[in-house]
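**Q** Line by line, the protein sequences give chains Y and V. Residues in the first sequence are numbered consecutively from 213, following this note's numbering. Residues in the second sequence are numbered consecutively from 79, following this note's numbering.
Certain hints may be false.
Claimed, not checked - Below, simulated DSS-like cross-link-like pairs (lysine-lysine); rule was C-alpha separation at most 30 Å, straight line: (1) Y:Lys363 with V:Lys271; (2) Y:Lys362 with Y:Lys379; (3) Y:Lys363 with V:Lys260; (4) V:Lys144 with Y:Lys304; (5) Y:Lys255 with V:Lys259; (6) Y:Lys383 with V:Lys231; (7) Y:Lys363 with V:Lys236; (8) Y:Lys255 with V:Lys260; (9) Y:Lys331 with V:Lys91; (10) Y:Lys304 with V:Lys91; (11) Y:Lys304 with Y:Lys319; (12) Y:Lys362 with V:Lys260.
Stated by the list, open to error - The calculated label-pair distances, taken between Cβ atoms and stated as ranges, are: (13) V:Phe94 with Y:Gly286: 14 to 22 Å; (14) V:Ile140 with Y:Gly286: 48 to 56 Å; (15) V:Lys125 with Y:Asp325: 50 to 58 Å.
Treat the hints as calculated values from the structure; they're not laboratory data. All C-beta atoms in this analysis are idealised placements derived from N, C-alpha and C, irrespective of residue type, glycine included.
One letter stands for each residue in the lines below.
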Amino acid sequence: MKKIISLLQLIALLAILMLLYSPLAKIGLVPSLSSLLGGGTPKIEDTPVIIQQVKNIAQMFTQTYYDEYVYDTGVMRTPPFNANKRLIFIAKGEVISGFDLSELNEKSIIRRDKSIVVKLPPARVLDVVINPSGFETFIEEGDITFEDSKKFHEDARRIFERNAREKGILKNSAEQGRQMLEKFFRLLGFETVDIIIPESR
Amino acid sequence: MNADPRKKSRAGKRLFILAAVILALLVLNVAVPRRQARPLLSARTLKDLAELATVEYSVTKIVSYKDVAWYGDRKILFETAATVKAGIDLNELVDQDIQLEGDDGVTVTLPRPRILLFNMKPEHMREIFNESGILRSDFSNEEKDGLLSQGEKDIRAKVARMDILERAARNARILVESWLKKMGFATVRVLFKGKGGRS
Chain Y
213 MKKIISLLQL
223 IALLAILMLL
233 YSPLAKIGLV
243 PSLSSLLGGG
253 TPKIEDTPVI
263 IQQVKNIAQM
273 FTQTYYDEYV
283 YDTGVMRTPP
293 FNANKRLIFI
303 AKGEVISGFD
313 LSELNEKSII
323 RRDKSIVVKL
333 PPARVLDVVI
343 NPSGFETFIE
353 EGDITFEDSK
363 KFHEDARRIF
373 ERNAREKGIL
383 KNSAEQGRQM
393 LEKFFRLLGF
403 ETVDIIIPES
413 R
Chain V
79 MNADPRKKSR
89 AGKRLFILAA
99 VILALLVLNV
109 AVPRRQARPL
119 LSARTLKDLA
129 ELATVEYSVT
139 KIVSYKDVAW
149 YGDRKILFET
159 AATVKAGIDL
169 NELVDQDIQL
179 EGDDGVTVTL
189 PRPRILLFNM
199 KPEHMREIFN
209 ESGILRSDFS
219 NEEKDGLLSQ
229 GEKDIRAKVA
239 RMDILERAAR
249 NARILVESWL
259 KKMGFATVRV
269 LFKGKGGRS
């Protein structure tokens, strides 16, 4: 009987210690028990990176738009038991715009003595970048599959592009491209530089 | 067998106090909210760039992770893809880098190429395999993002060791030469800034 009581007291003391530790871990003052027992961050296996394609390009990046966005899927009910699921994540990334100079041809550059006329294609969004390191899960409730989460991540990318366009990325991009090329051609000795850029849609 | 009843009651009291403490701590545990990263406010900013990307690499990588434990395993496998663009930062170009030689000659000294853009699009990622033992929890999205971030880091490191910068330099030279020739320059020399000067 005495032994059982001592054992119970020991178990109770251990439980108290764990319960004292847990709130401290919750508020981030000490590492969580799972991270202590699990040995920290999981490590992926070393696999090769394989080149699928190498492409020669000629893209001039003239504007970047940085954004951080909190994406909330809202509460979604899934049949047949109407289980709730919800995902809130923070997306950090950028939208790059500029010109695809591979569209330039012989007729795009006209030179007469010390003057030059360059016809550029319209400025456009060249890349929307939100890499895996740019996603931070804030709240995850219910069973959210990888395909679900991919769909939300793609949606976040569309929001980034829309925000960048609303902020005037293409107009700024065209202006920056014009200034940059004007400076470059003047350094090359041209006295009159005319950069023609059609309006972006 | 015939234990002192006073000792017995003292042990019982002690157990009762311990149980009360445990109960109080349980309540405290439920009451303390888990610390969560506070979402940052939107930081929407536009910034000027002056970069010329001359090469694009499309690469793939299998991201695999095995969490082996005596009470069951968890295994996951992703197929990922990334595009990496490299080229030159024209902001580093200064007036002295363009030297006119007579009426139709020019020497342009370009900055050393660097990786300008790294993009891992979600639509190019696929979860091929995902299995958790009966006593193990499924991989959460947070865990999956963490594993994919490690994959991203690995691709970045391995692509940087490939010949992407050499190709970017070669293409930049060809591009600038052809544009300058289209503009009417007969003699065009394109050099690159070295660590200790021009090369």
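**Q** Hint by hint, say whether it matches the structure.
**A** Quick rundown of the hints versus the structure:
Taking the CA atoms of Lys363 of chain Y and Lys271 of chain V, the gap is near 44 Å; set against the 30 Å cutoff, the hint is violated. Straight-line distance between C-alpha atoms of Lys362 of chain Y and Lys379 of chain Y comes to about 26 Å, which keeps the hinted pair within the 30 Å bound. Between Lys363 of chain Y and Lys260 of chain V the CA atoms are separated by roughly 46 Å; this puts the pair beyond 30 Å, and the hint is violated. Between Lys144 of chain V and Lys304 of chain Y the alpha-carbon distance is near 28 Å, which keeps this suggested pair within the 30 Å criterion.
Only pairs whose Cα atoms come within 30 Å are accepted, and Lys255 of chain Y paired with Lys259 of chain V is rejected, the gap being roughly 52 Å. In summary, the hint linking Lys383 of chain Y to Lys231 of chain V is not supported, as the alpha carbons are separated by about 34 Å, beyond the 30 Å threshold. For the suggested pair Lys363 of chain Y and Lys236 of chain V, the alpha carbons sit about 28 Å apart, so the restraint of at most 30 Å is met. Straight-line distance between C-alpha atoms of Lys255 of chain Y and Lys260 of chain V comes to about 52 Å, which puts the hinted pair past the 30 Å bound.
Among the hinted pairs, Lys331 of chain Y with Lys91 of chain V is inconsistent with the structure: their alpha-carbon atoms are about 91 Å apart, more than 30 Å. At most 30 Å may separate the alpha-carbon atoms for a hinted pair to count; Lys304 of chain Y and Lys91 of chain V exceed this at roughly 57 Å. As the CA atoms of Lys304 of chain Y and Lys319 of chain Y are separated by approximately 41 Å, the hinted pair breaks the 30 Å bound. A hinted pair counts as satisfied when its Cα atoms are at most 30 Å apart, and Lys362 of chain Y with Lys260 of chain V does not qualify at roughly 45 Å.
Phe94 of chain V and Gly286 of chain Y have their C-beta atoms about 47 Å apart, which leaves the hinted 14 to 22 Å range violated. Separation of Ile140 of chain V from Gly286 of chain Y is about 34 Å and departs from the stated range, judged on CB atoms against 48 to 56 Å. Here the CB-CB span from Lys125 of chain V to Asp325 of chain Y is close to 37 Å, at odds with the stated 50 to 58 Å.
In this structure, the earlier hints numbered 1, 3, 5, 6, 8, 9, 10, 11, 12, 13, 14, 15 are contradicted, and the remaining ones agree with it.
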